[in-house]
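Quick mapping for you: the protein sequence lines, in order, are chains X, U and R. First residue of the first sequence? That's 0 in numbering that gives the first Met the number 0, and the numbers climb one at a time after it. First residue of the second sequence? That's 0 in numbering that gives the first Met the number 0, and the numbers climb one at a time after it. First residue of the third sequence? That's 0 in numbering that gives the first Met the number 0, and the numbers climb one at a time after it.
Calculated directly from the structure, the hints in this document are not laboratory data. Treat the hints with caution; some may be incorrect.
If several chains are the same, the list does not tell them apart, and a pair holds so long as it fits within one copy or across any two.
[As the list claims (entries may be wrong)] Here are the simulated DMTMM-like cross-link-like pairs (lysine to aspartate or glutamate), alpha carbons at most 25 Å apart as the crow flies:
id	residue 1	residue 2
1	K195	D222
2	K294	E246
3	K195	E246
4	K294	E127
5	K294	D282
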Amino acid sequence: MAEREVRLAELAERFGGEVLGRGDTLVRRIASLRSAQPGDLSFFSHGRYRDELAGTRASAVIVGAPERDATGLPRIVSPDPYLLFAKAARLFHAEIPVTAGIHPSASVAPGARVAPDAGVGANCVIGEGVRIGPGAELGAGCVIGAGVAIGAGSRLHAGVTVYPGCGIGERAVLHAGVVIGADGFGFALDAGRWLKIPQTGRVRIGDDVEIGANTTVDRGALDDTVIGDGVKLDNQIQIGHNVTIGEHTAIAGCVGIAGSTLIGRHCMIGGAAMIGGHLAIADRVVIAGGTVVTKSIEIAGTYVSVIPATPSREWRRTVAMLRNLERMAERLRTLERRMSGGGNEP
Amino acid sequence: MAEREVRLAELAERFGGEVLGRGDTLVRRIASLRSAQPGDLSFFSHGRYRDELAGTRASAVIVGAPERDATGLPRIVSPDPYLLFAKAARLFHAEIPVTAGIHPSASVAPGARVAPDAGVGANCVIGEGVRIGPGAELGAGCVIGAGVAIGAGSRLHAGVTVYPGCGIGERAVLHAGVVIGADGFGFALDAGRWLKIPQTGRVRIGDDVEIGANTTVDRGALDDTVIGDGVKLDNQIQIGHNVTIGEHTAIAGCVGIAGSTLIGRHCMIGGAAMIGGHLAIADRVVIAGGTVVTKSIEIAGTYVSVIPATPSREWRRTVAMLRNLERMAERLRTLERRMSGGGNEP
Amino acid sequence: MAEREVRLAELAERFGGEVLGRGDTLVRRIASLRSAQPGDLSFFSHGRYRDELAGTRASAVIVGAPERDATGLPRIVSPDPYLLFAKAARLFHAEIPVTAGIHPSASVAPGARVAPDAGVGANCVIGEGVRIGPGAELGAGCVIGAGVAIGAGSRLHAGVTVYPGCGIGERAVLHAGVVIGADGFGFALDAGRWLKIPQTGRVRIGDDVEIGANTTVDRGALDDTVIGDGVKLDNQIQIGHNVTIGEHTAIAGCVGIAGSTLIGRHCMIGGAAMIGGHLAIADRVVIAGGTVVTKSIEIAGTYVSVIPATPSREWRRTVAMLRNLERMAERLRTLERRMSGGGNEP
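If we strip away everything but chain X, and leave its shape as in the complex, we get (with noise of 0.2 Å):
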């Protein structure tokens, strides 16, 4: 953290909101509701935390604009509360500044470039004509194939393994576990055995790109694996060889998408969402968690194809109901068979 104070009035003039309340109330953390103390700023969205803002600490609050009244504490009124409290807490938030210079425990191939103010971790092993930029941060463990290019400023953590000639753009960060480059998932049947079809394209990671804990991107088979500037992926994502995610799609923990599918722009997928492969998603569609996407989709807009969790008595009926449903069509056409036959004939 660091060590700053803010009045309320600042925070509204740089980040939007109004003040309701005592303006020159200094602020100089950000805090949860539950767990904040005098001097923090906290942050009131759902309803269901309504207990927790008439018991808060914090000396001021963020709110959005239906909760303008809802407490007595100096507050920012805002029209988008969860933006202007992801501005206060960057402000807030010193980033650990990096360790410039290679750990002596590293191995570094003669002709890879390391920016001099970049800082390769302990046990960092990096391949021939790997070029990594200005101010560019690897964790312990890396290890980044042949020819790899990371942009300035990029951070990648602990263990991260980079296959040869992938690129990797201007201030990502990878999650400890990322695997990018490994080979797709292509094999031909011969006679019953599996061939495996070599994987010769590569991974190319846009700027502004944040990739989760153990998820992995496959390089393509022929051309690239391709994801957009500003894309931000979660944990345990799978991203299969010569998919395509357009700029700033957000994509949630789980989630598998298959080989050669193209994600449009500005698109939001839930966790645990699942789509088939060869297929293309449009700008800005919205996928709910969980959902199986085996079709392409062409226009915007939210899809989803989750049956929620039930009660397993009421389910089993459920599962049985469906099982039935041909008989139950049947039935109904045989009554309407009858009805249009005249309802006075057996």
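Take the given structure of chain X and dock chains U and R to it, following the hints.
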């Protein structure tokens, strides 16, 4: 395996159960029915392994009360044969002792405190202010961030990453590739671009927790992510920021739990279940494998939403029927109207 | 890429297929229709890439029989164009040769035996009694437990962990972050607490197996977990303890297979499918992506349980109908009773 021989009667005395047949039968190893040799103790529960019971070469068997007479071998009959099997297996199994000391290839910050009888494996990287308790052991290549505390007797297998500030209790087992404390997936939309929200909370893990290979637990945004005492997590689970998991809950592989969700105590969550964000799941809830939970669950019980696999031709018809349900309901309403209007009218 | 030029006719002679157009056309690389340059051989299968076929700069193309006349370019017409493409791609692709020898930063136990022409990368940690076969190669940071055997010609990419006692056959490919042999998820309930059952089996992996990045295969509880010859596993798959996977089965990304399940030979399992525990799946079963399997499958064929994504408004109505199915069935029964009672009665 430890080299010890135990009489069947002695096992029953220590762990409960009734001995049938010769109680002085000596056993010195646990083995499956199929691979058991003379001198081995085996275990029968599922009816589907009845053939294996008939053919086993084991010297003795643990059986449940309903299988009391399923074999003529010396046996222990137990009301909970699986638990008895677990206890016997633990008796015969010798833990590999900790290799105390710090491997010369490890990088340990000067201010870190490692207990003298703890073990730190090859290529480990231990940050400033880390505390590693007595008898704890870190496998090769673990990366432990500044300020992390690891309790007595905990074991981290190879390649575990713990981000700065997180805490792990006593007797924890973390398998290879686990990532604790990576940033939660927190971004606010700012004119179509994602603005990262600093993730300043930590992860706190209780005592007697086991975490499977490549599982990830994100740090909290403001407050902490909390894993209670005795929780067991299988492989490739994703736990979002600010999740709380109650004591003695067990979660099978590939489950995802989205941010800020509260899981109760003594829950059991089946493999590949997906639990949405900002929910509350009561104590003693059982969620079937593959189920999607989108709403809070307030009552203990078993919950499901899974449709079992079906031959594809049949399934295509079911999906067509599903799409047609509203039309069916409409036809039903028409029939009802005509019936209530009198069978003779058109 | 290897530097070699081949005449189209020569390719057809070696791998089959009929040449149309100039058979003396020289090709020296494989490329996609879109990115091909003169001198490249490309590949056309899906109708959706017809525009790319029209505009390609490739010198020659592989096509299937139905697309025999889809282009005027020199071409090979094949009954199985994908397999022909695979063979041609392998011809032009030169494997990176093994860097023989043990990197000075690796820790190799005195009793381990590494073949002289095998390669052990930087920071690898090789336990007591390990045997690494001729021509095998370990990427940087692999951790190989005591007693593990790795067959000739196998390749482990960076950061693979193999727990003690496991065996890997010949010509295996294990991608970065793979974990073989972590403990299975075995616990017995003991008065509300989970008692760990020692996992004393191992993992045995056959020949010609490929395993994708961050996939995990747990060791058996008593007997072994077994991956048959020629099995191909994609990224982020979880294989539970005591699973057996039959020869030449292919499994796409994000699949989970729970403990003690037996998968047949020549099966194909789509991405994110979930297979429950203690099941038996016959040979040559195909399971569609996202499908949940909760019962054994005894007959070869294709199985599904996936509902495709739907616009959310429409989906909400379908779910409401689903919840209402029992009520609909009741109404249908009422109508039937009234009809069979005679249309004139009330």
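Right, here's what the structure says about each hint:
Taking the shortest Cα distances, K195 and D222 sit within 25 Å of each other inside one copy (17 Å), while across copies they are farther apart (31 Å). In the homo-oligomer, the alpha carbons of K294 and E246 lie at most 25 Å apart inside one protomer (21 Å), although the nearest pairing across protomers, at 31 Å, exceeds that limit. For the homomeric pair K195 and E246, the shortest alpha-carbon distance between copies (16 Å) is at most 25 Å, but the shortest distance inside one copy (32 Å) is not. For the identical chains of this complex, K294 and E127 are neighbours neither inside a copy (42 Å) nor across copies (51 Å), given an alpha-carbon limit of 25 Å.
In this assembly of identical chains, K294 and D282 lie within 25 Å of each other by CA distance solely inside one copy; the values are 15 Å within and 28 Å between copies.
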